[in-house]
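**Student:** Read off the chains here:
Protein chains: 2
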Amino acid sequence: MKKVKIYVTLKPEVLDPQGKVIMNTLHTLGYKDISEVRASKFFEVTINSDDEKYIKNEIDEICDKVLANPNIETYRFEILSYPNKSV
Amino acid sequence: MKKVKIYVTLKPEVLDPQGKVIMNTLHTLGYKDISEVRASKFFEVTINSDDEKYIKNEIDEICDKVLANPNIETYRFEILSYPNKSV
Numbered sequence: 003m004k005k006v007k008i009y010v011t012l013k014p015e016v017l018d019p020q021g022k023v024i025m026n027t028l029h030t031l032g033y034k035d036i037s038e039v040r041a042s043k044f045f046e047v048t049i050n051s052d053d054e055k056y057i058k059n060e061i062d063e064i065c066d067k068v069l070a071n072p073n074i075e076t077y078r079f080e081i082l083s084y085p086n087k088s089v
Numbered sequence: 003m004k005k006v007k008i009y010v011t012l013k014p015e016v017l018d019p020q021g022k023v024i025m026n027t028l029h030t031l032g033y034k035d036i037s038e039v040r041a042s043k044f045f046e047v048t049i050n051s052d053d054e055k056y057i058k059n060e061i062d063e064i065c066d067k068v069l070a071n072p073n074i075e076t077y078r079f080e081i082l083s084y085p086n087k088s089v
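If you're matching them up, the sequences are chains W and D in order.
Residues are numbered in this note's numbering as their position in the first sequence, beginning at 1, plus a constant of 2.
Residues are numbered in this note's numbering as their position in the second sequence, beginning at 1, plus a constant of 2.
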């Protein structure tokens, strides 16, 4: 059994309205030194396999089909031993 | 100028309906070996300061006030040099 951390981010050239709203909120609150905010998604997936090659293939499929929109997002992931205590 | 990566995750004891829906979708698609999915948020913030102590204080405030709900979420962050090419 392994835990996989998957990070799905907008491609750099894609506008991020959610990040822009957060940045405007921070400026309103007085945090004027924040010059950019990009909002992304992050998933922790537990998979019942210890075969890293198999896991890599399956996570690639899952990202392409479900977790990421390949037109506007990229993803990366890391495979960890289970259990892992960090958030 | 520094880039800060901020990870906001639900506390382990808090139910994650979004993660549950994703897991059910994956099972429907045939990925039966996925036993848990937790969905979280991930922010990349650019800040016009190089003082790590100042940045740490400001990011703690921003997380507590805007990015995370301290009742149900925890956060961690890492301060990187700018520019950083990784997603």
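Just to be clear, a hint being listed does not mean it is correct.
Identical copies carry no separate label here, and so any pair may be met within one copy or between two of them.
Calculated lysine-lysine pairs in the BS3-like style (CA-CA distance at most 30 Å, straight line) [to be verified]:
1. Lys67 <-> Lys34
2. Lys22 <-> Lys43
3. Lys22 <-> Lys34
4. Lys43 <-> Lys67
5. Lys4 <-> Lys55
6. Lys22 <-> Lys58
7. Lys43 <-> Lys7
8. Lys5 <-> Lys55
9. Lys22 <-> Lys4
10. Lys5 <-> Lys34
11. Lys34 <-> Lys55
12. Lys67 <-> Lys4
13. Lys67 <-> Lys55
Hints were generated in silico from the structure; no laboratory data involved.
**Student:** What label fits Lys67 with Lys55 when the C-alpha limit is 30 Å: within, between, both, or neither?
**Tutor:** Within one copy only: 19 Å inside a chain, 41 Å across chains, cut-off 30 Å.
**Student:** Treating 30 Å as the Cα threshold, decide for Lys22 and Lys43: within, between, both or neither.
**Tutor:** both (16 Å within a copy, 15 Å between copies)
**Student:** Have a look at Lys5 and Lys55 and pick one of within, between, both or neither, based on CA distance no larger than 30 Å.
**Tutor:** This pair counts as within: shortest intra-copy Cα distance 14 Å, inter-copy 32 Å.
**Student:** If the cutoff is 30 Å on CA atoms, where do Lys67 and Lys34 land: within, between, both or neither? Let me know, please.
**Tutor:** between (39 Å within a copy, 15 Å between copies)
**Student:** At most 30 Å between CA atoms: does that hold for Lys43 and Lys7 within a copy, between copies, both, or neither?
**Tutor:** Intra 11 Å, inter 12 Å, cutoff 30 Å: intra and inter.
**Student:** For Lys34 and Lys55, with the copy left unspecified, which applies at a CA distance of at most 30 Å: within, between, both, or neither?
**Tutor:** So Lys34 and Lys55 pass the 30 Å test across copies only (17 Å; inside, 46 Å).
**Student:** Measure nothing new, just compare the shortest in-copy and cross-copy C-alpha distances for Lys22 and Lys4 to 30 Å and report within, between, both or neither.
**Tutor:** Intra 35 Å, inter 18 Å, cutoff 30 Å: inter-copy only.
**Student:** First find the shortest C-alpha distance between Lys5 and Lys34 inside one copy, then the shortest across copies, and answer within, between, both or neither for a cut-off of 30 Å.
**Tutor:** For Lys5 and Lys34, the Cα distance is within 30 Å only across copies (15 Å; inside one copy 38 Å).
**Student:** Check Lys43 against Lys67 for me: Cα-Cα at most 30 Å, and say if that holds within a copy, between copies, both or neither.
**Tutor:** Answer is both; intra-copy 15 Å and inter-copy 20 Å each pass.
**Student:** Please work out whether the CA atoms of Lys22 and Lys34 approach to 30 Å or closer within one copy, between two copies, in both situations, or in neither?
**Tutor:** Cα proximity of Lys22 and Lys34: one copy only (13 Å, versus 38 Å across).
**Student:** What label fits Lys22 with Lys58 when the C-alpha limit is 30 Å: within, between, both, or neither?
**Tutor:** between (33 Å within a copy, 22 Å between copies)
**Student:** If the cutoff is 30 Å on CA atoms, where do Lys67 and Lys4 land: within, between, both or neither? Let me know, please.
**Tutor:** This pair counts as within: shortest intra-copy Cα distance 21 Å, inter-copy 34 Å.
Of the numbered hints listed earlier, not one is contradicted by the structure.
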